[in-house]
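Taken in order, these protein sequences are the chains called A and B.
The first sequence runs -15 to 276 under this note's numbering.
The second sequence runs 2 to 272 under this note's numbering.
Everything labelled a hint here was simulated from the structure, so no lab data went into it.
From the three backbone atoms N, C-alpha and C, an ideal C-beta is built for every residue, glycine too.
Each hint should be verified, as a subset may be incorrect.
Label pairs and their computed distance ranges (CB to CB) [as the list claims (entries may be wrong)]: (1) B:TRP226 with A:GLY79: 22 to 32 angstroms; (2) A:LYS209 with B:SER235: 49 to 59 angstroms; (3) A:TRP239 with B:ARG78: 56 to 66 angstroms; (4) A:ARG167 with B:SER125: 51 to 61 angstroms; (5) A:LEU269 with B:ALA160: 28 to 38 angstroms; (6) A:LEU228 with B:ARG146: 26 to 36 angstroms.
Reference excerpt, derived from the structure (chain A facing chain B, CB under 10 angstroms, subset only) [unchecked claim]: (7) ILE8; (8) GLY28; (9) ILE72; (10) GLY93; (11) ALA96; (12) SER193; (13) LEU207; (14) THR208; (15) SER248; (16) PHE249; (17) PHE250; (18) THR253.
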Amino acid sequence: MPASLAPVFEPGFFSSSPVHVALIVGGVVAAVSGVVGTFTVMRGQAFAGHSLADIGTAGGSAAFLIGISPLYGFVAMNLIAAGVMEMIGIRRPRGRDLATGIVLGAALGLAALFLYWDTTHSSTTGATINVLFGSIFELPSSLVPVIAVFSVVATGIVLLSYRPLLLSSLSPELASARGVPVRLVGIGYLVALAVAVSLSAVTIGAILSTALLIGPAATALRLTKRAGMAMVIAAAIGVAATWLGVLLAYDSYDWTTGHGWPVSFFVVTLVFAFYLVTDLSVGRLAGRRRLR
Amino acid sequence: MFSGFMINAWEAATIVAVVAGVVGFFTVLRGSAFAAHALPNGAFAGAAGASLIGVNVIVGLGVFALLGALTIGGLGRRARQDVATALAIVMMLGLGALFLSMTTEYAPEIYSLLFGEVLGVSSSELLPTAAIGVVCIAVVFALYRPLLLSSVMPDAAEARGVSTQGMDLAFLIVIALATTMAVPVVGSLLIFSLLIGPPAAARSFTDTPPKAMGLSVVFALGTVWAAIAFSYVSNLPIGFFVGAISAFSYAAGRTWVAGRRTRPVPTDAVH
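The following block holds chain B by itself, in its conformation from the complex:
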């Protein structure tokens, strides 16, 4: 399980899980689940386009993820964010359908772009993943305070001169970076599950932001490591295990909260 080609899988999954834990904390806090689904899924069109004109897949993913973030941010100024996101993802997928019709890529290639092929990660793919991951985390920590304030108390943030729209766009770009980093190694499904499941579960156990973020990284790591191990033993796709473990940890978090609520607690301690 820890030999040769498997080492790359463990390393790639570990990098992705740390970034997903950090970025996912804000994704859940800001209610940006739709964007976290739309950007990785839509950016796959960029990968298809890149293979069509013969450039690196990461470049195609990055360009499309960024364009998608700007489209959501731009349309979202005058419309509801969910409508803007829906329009952006269908436009990206429509272009993806066009690119795919022009290439001769075979079905399994598309399957691996969507669902990931973590067991087939090569050493040369690890370096860009790690580099973009570091940038992504650095941006989140640089923006930590304004991002947190605008997520929890948008009005207070505006009063202190933090632009809500600016933070929205900044965070969309962070998701775009996470997308570019993760999709080539783990696929769009897996990064989405990791951005939502572990952070949502972590929030059930603690309300303090730094603790919740730390716990979210721990849960994300636990999820991918367990998923790789199960996948290795059972020969079933890793995406299935990540999805299942994420759902179970969320359910466990909810059960824990519900169990705590039945005890007599002062009403103001329960939100």
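Chain A extracted, bound-state conformation:
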């Protein structure tokens, strides 16, 4: 590595194995979130996408209690929650937020109970923090095969049902007139969302899960109206923000003595900045066009 890059890439960045895992897993998760998130934004299900990350906490903390990997608890809980949301009316635009809110409230109540038991009945005092904030630098490499399977399932569902999903997201009436099973496609999409959010929440934490699901996709959809293109741009923005965030977090060990700044702070700030810059410049361009 040329010496001129030393201030950017702190010594040891490329040889540290937690950094390798963080870059690979973070990159994969960000790409999956971008692909799945494009439809989350188009379908107006950002609240559901965010809620699943919190709802999974109930499953994750229950998994801690019985001593299995939180990932399985997360997925099981999220699939159940997605099913209940579908049942009580996430399809109707007016009932969407309410259905999500009711399920979220009940699940957070369960999470309060399980986390309470986690801290009183066992010695895992760190369970709350671990489940809520997860850390990209503390990933066990045994999770890698599971992450691969989940990524394939989530992106597989979205890509296989791409055309009917796109049509039913843009216009449910037109889709059902053309014989698309709109409800089935919607359920399939919720499963993909539940799997993708479980994956991201367990590996990189609930905060980053929502940030990477919604931020890059919303930015991409401001830049292009074509869904396929938006998915590619969203994945690219997500991966760039994650890698840059990991780099900055690694470098930050030298900024303040004793400890580094959290990765989630950097990634969220980058995602937010990407969106804001795009929003302002696209808005200004549109304003200029209108004047002409």
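Using the hints provided, position chain B relative to the given structure of chain A.
Leaving out everything else, chain B in the frame of chain A:
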């Protein structure tokens, strides 16, 4: 159950339930469930920041809740509200993660900010809670008519000169006030459940706005009182009971509506 330190818990929970019942009626009517989740949850970053620089937690909560409301309102002008809300909550939580990494707060402290510690409310915390609660309810009643009109018929409201965007922002600020009032005493989870569950259940039983609002306050009071009693007897966290009772009352409301629909009713009476 009604002795000494428990009195503060009953009083705090009663104030919070009345405010949540009133504000929650509009939250459900306007479909603002995401904002009602995002502001209390994200404002917790403000509490973490306040303890970092050594100011009162309520100040930190208030500043962050207000900034969050303005961010959602500002971004929501050009994007969908749910996207704006998602971006606002992750930015607030990201800052929260940064503040937490800099403090030496121990895990149980964070747990109590998120899930509340209603049994540990002190008398000095009651006064600000009550004061902000009164302001919050006063704002809702002052804006009652335009708020109702813009929630139910946005087009008619615009025609009468009521700005939809203005009402959106005003209501976000009301949620921010409710957040500041409730989070220090009951935590962000509990205030969210109370803003959604009881009002949603109340709406199943009546369509008249004032009745629905009154019923929503009654349900919210019933929910917190029962939750405190159960929590006291069983020693389990109060948040669990509030979540469970809210979900059950919503399910009961839905069942009641479904039961009524099976009877022969003129089609125009069913919406």
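Regarding the hint that GLY93 of chain A lies at the interface with chain B, is the smallest CB-CB distance below 10 angstroms?
-> holds, 2 angstroms
Would you say the C-beta atoms of LYS209 of chain A and SER235 of chain B sit inside 49 to 59 angstroms of each other?
-> holds, 55 angstroms
Is the gap between the beta carbons of ARG167 of chain A and SER125 of chain B within 51 to 61 angstroms?
-> With Cβ atoms ~54 angstroms apart, the hint holds.
Identify whether the interface hint at SER248 of chain A stands, where standing means a beta carbon of chain B within less than 10 angstroms of its own.
-> holds, 5 angstroms
Going by Cβ atoms only, is PHE249 of chain A closer than 10 angstroms to chain B?
-> holds, 4 angstroms
Given the range 26 to 36 angstroms, decide if the beta-carbon distance of LEU228 of chain A to ARG146 of chain B lies inside it.
-> 49 angstroms Cβ-Cβ, so the 26 to 36 angstroms window is violated.
Is the interface hint for PHE250 of chain A satisfied, with its Cβ closer than 10 angstroms to some Cβ of chain B?
-> Nearest chain B Cβ about 8 angstroms off; hint holds.
Does the CB of ILE8 of chain A sit less than 10 angstroms away from some CB of chain B?
-> At about 22 angstroms, which exceeds the 10 angstroms cut-off, the nearest Cβ of chain B leaves the hint on ILE8 of chain A violated.
Does THR208 of chain A meet its interface restraint, that is, does its C-beta lie within less than 10 angstroms of any C-beta in chain B?
-> Given a least distance of 15 angstroms, the restraint on THR208 of chain A is violated.
Status of the given 22 to 32 angstroms range, CB of GLY79 of chain A versus CB of TRP226 of chain B = holds, 29 angstroms
TRP239 of chain A versus ARG78 of chain B beta-carbon gap, inside 56 to 66 angstroms or not | Hint violated: Cβ distance 35 angstroms, outside 56 to 66 angstroms.
Grab the minimum C-beta distance from ILE72 of chain A to chain B and call the hint holds if it beats 10 angstroms, violated otherwise.
-> holds, 7 angstroms
The structure does not agree with the numbered hints 3, 6, 7, 13 and 14 stated previously, though it agrees with the rest.
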